[in-house]
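Whenever a hint applies, use it, and build me the whole structure from the sequences.
Read top to bottom, the protein sequences are chains L and A. Mapping of the first sequence onto the working numbering: position 109 corresponds to residue 109, and the numbering continues sequentially without gaps. For the working numbering, add 1000 to where a residue sits in the second sequence, where the first one is 1.
Hints should not be assumed to be uniformly reliable.
Quick partial rundown of chain A residues pointing at chain L, CB under 10 Å, derived from the structure [unchecked claim]:
(1) 1078
(2) 1136
(3) 1159
Residues of chain A clear of chain L, computed beta-carbon distances all greater than 12 Å [stated by the list, open to error]:
(4) 1043
(5) 1213
(6) 1234
(7) 1270
(8) 1289
(9) 1306
None of these hints come from the bench; they were simulated from the model. Here a beta-carbon is modelled for each residue, glycine too, at the ideal position from N, C-alpha and C.
There are 2 protein chains.
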Amino acid sequence: MQRPSAQRDKLPAPSSPLDHLSAVLERDMRQVNERILKCMESDVPLIPQLARYLIAAGGKRIRPLLTLAGAAIYGAPMPKTYPLAAAVEFIHTATLLHDDVVDESAERRGQKAANLIFGNKASVLVGDYLFSKSFQLMVECDSLEVLAILSDAAAVIAQGEVKQLTTSNNIETSLPAYLDVVRSKTAALFAASCQIGPVLTEADEKQVQAMRDYGMKIGIAFQIVDDMLDYTADSKILGKEIGDDFKEGKMTAPVIFAVENADVRERSFWQRTIEEKIIAEGDFEAALELMERHDALKKSRILAETYIAEARQAASVIPEHPLRETLSDLADFILTRTH
Amino acid sequence: MQRPSAQRDKLPAPSSPLDHLSAVLERDMRQVNERILKCMESDVPLIPQLARYLIAAGGKRIRPLLTLAGAAIYGAPMPKTYPLAAAVEFIHTATLLHDDVVDESAERRGQKAANLIFGNKASVLVGDYLFSKSFQLMVECDSLEVLAILSDAAAVIAQGEVKQLTTSNNIETSLPAYLDVVRSKTAALFAASCQIGPVLTEADEKQVQAMRDYGMKIGIAFQIVDDMLDYTADSKILGKEIGDDFKEGKMTAPVIFAVENADVRERSFWQRTIEEKIIAEGDFEAALELMERHDALKKSRILAETYIAEARQAASVIPEHPLRETLSDLADFILTRTH
Chain L
1 MQRPSAQRDK LPAPSSPLDH LSAVLERDMR QVNERILKCM ESDVPLIPQL ARYLIAAGGK
61 RIRPLLTLAG AAIYGAPMPK TYPLAAAVEF IHTATLLHDD VVDESAERRG QKAANLIFGN
121 KASVLVGDYL FSKSFQLMVE CDSLEVLAIL SDAAAVIAQG EVKQLTTSNN IETSLPAYLD
181 VVRSKTAALF AASCQIGPVL TEADEKQVQA MRDYGMKIGI AFQIVDDMLD YTADSKILGK
241 EIGDDFKEGK MTAPVIFAVE NADVRERSFW QRTIEEKIIA EGDFEAALEL MERHDALKKS
301 RILAETYIAE ARQAASVIPE HPLRETLSDL ADFILTRTH
Chain A
1001 MQRPSAQRDK LPAPSSPLDH LSAVLERDMR QVNERILKCM ESDVPLIPQL ARYLIAAGGK
1061 RIRPLLTLAG AAIYGAPMPK TYPLAAAVEF IHTATLLHDD VVDESAERRG QKAANLIFGN
1121 KASVLVGDYL FSKSFQLMVE CDSLEVLAIL SDAAAVIAQG EVKQLTTSNN IETSLPAYLD
1181 VVRSKTAALF AASCQIGPVL TEADEKQVQA MRDYGMKIGI AFQIVDDMLD YTADSKILGK
1241 EIGDDFKEGK MTAPVIFAVE NADVRERSFW QRTIEEKIIA EGDFEAALEL MERHDALKKS
1301 RILAETYIAE ARQAASVIPE HPLRETLSDL ADFILTRTH
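Structure follows, in structure tokens:
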């Protein structure tokens, strides 16, 4: 397997492919952001307060950018995609809000998690509001095919979140079971975001599939890297505490690779921490040491690289367009994420 | 105002209009139930477990029955409405699940609330799953107009739920503010359910409006009666604890009417219980006594009756059909609810 270029120099380039995408699509993205802000308007003050807190907090807007990029590459009417790009971001944001509730996370995007400030009640209900708003936005686009893609994605995400509950705190969770969760809870929305452009322009099935594959593969890699960052990141750069997954007993790639080769004593460590959630001081560092011993983080990175290579291959099927190269570079860039 | 007939004899008739509706639409309803069960199938066992627990637990299925009745009256192709009727029930069920989480309710439909058995996590996420499934079902119907109606309703419901958060624990909440919440969180889905039939058959605007009004008005009355039952019902018949709203400091019609005429001492009682949620033994009985003193429950009933009268008037616009009478009777029947 060829080593992706971004792997060679670990420092993110001063202008990343994501920045490039944002710059090229700036005018369109401004329209999307306007739609997002408009949809958060409500005579119930709590809704804009909470939504703005979360959405204005930034985030990379990677999903709506993918929707816009796909639309630009396939020549879809851009204004038609604005509500769809906004819808995709809303689905993502609603998921974050509900994730924070259920995970009892303490931080998100460098700020206190919304549920700690506004309460669980508000997080669940405003999440529902954003979710339903995303459907209102979708309906605007007048395409039942796109509606089917996005509503399918929403169902798959929800199913993935439930699946994750059943793999958490169970060290028997296999790599395929983990990847199944990742595909559902994260990659499905990336795939749907990428598909919208070719579907709107009635591109042939091969093209739709290529964009879908591209989105699916970078989505999987994105989540694997995310799961690695929860063990390795600088929490200041990451914008949230590290070690959250460990505390919650989530079975992610690094843990799975460490458990895979664990001896009896190590297994009992994972049983106590991940399954019984009995965590003492120094346990997080001990977990990191076990991961080091079994090359668990290296293996996770190789796994992510495999998907990125597949994403680049899918991207090679996309028609020639200046943004095709950017999508290809974006795939590599995902491996260099530090937050 | 003419007194509705069902008011005269307070005992529910041996065969209620709801039973009649179920009997007439039995064959169609069976198809709807099949769709509901099929949608709950999943390779994630927790989903059918939790959904079945809730959906199989019964419930009156009043919303899907209204959808089917509307379709039958306006001559819509019945099979086309099955996924829509199922979608409406799913939206309702998802709302219940999220309500139970946020309200920390102890019982629902005579059983322990789902969140107490399966955990808050599962309730939020399975709620999301049902909600997204409802959109998949809607997309099947191929009608963007119906999709718009149902996605609008979903957004209004979510907004109403958030609004309710902001009126809770605030004894200054006015009757119009309460009715605004009721319209959003409950009546909007009744209205949408009723509208589907005439919209699918492209009935004229007056007809669509009549069905919408009918649904909206019975929905408002339904919720007012619900809020009364939380103070007056026999908890065994109701299938959940009474006094939940009081404990949570919800501002519903009976409290609003009692607060309206409260003297200084009474106001401080409501401030302590509803606003500060400091509730001692005997407080619930004291609240009932204050409601009695100020005719708060009587006033609530009269308010519900007003909406039922309006619903009957709206129903009179509906074309002649055997089920038109049933809808009219159903309006009265809502006033006699004991659970």
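Against the structure, the hints:
The beta carbon of residue 1078 of chain A comes no nearer than 21 Å to any beta carbon in chain L, farther than 10 Å, and the hint placing it at the interface is violated. Because the beta carbon of residue 1136 of chain A sits about 5 Å from the nearest beta carbon in chain L, less than 10 Å, this interface hint is met. Annotation: residue 1159 of chain A was flagged as interfacial toward chain L, and the flag holds, the nearest CB pair being 6 Å apart, inside 10 Å. Distance check on residue 1043 of chain A: its Cβ comes as close as 8 Å (rounded) to a Cβ of chain L, failing to clear the 12 Å threshold; non-interface status is violated.
Separation of residue 1213 of chain A from chain L is adequate, the least Cβ-Cβ distance of about 22 Å exceeding the 12 Å criterion. Against chain L, the non-interface label of residue 1234 of chain A holds: every CB pair exceeds 12 Å, the least being about 29 Å. For residue 1270 of chain A, the condition that its CB be more than 12 Å from all CB atoms of chain L holds, with the nearest at approximately 21 Å. Remark: the non-interface label on residue 1289 of chain A is consistent with the geometry, its nearest Cβ contact in chain L lying 30 Å away (cut-off 12 Å).
Listed as outside the interface, residue 1306 of chain A is consistent with that label: its C-beta sits roughly 25 Å from the nearest C-beta of chain L, beyond the 12 Å cut-off.
The structure does not agree with the numbered hints 1, 4 stated previously, though it agrees with the rest.
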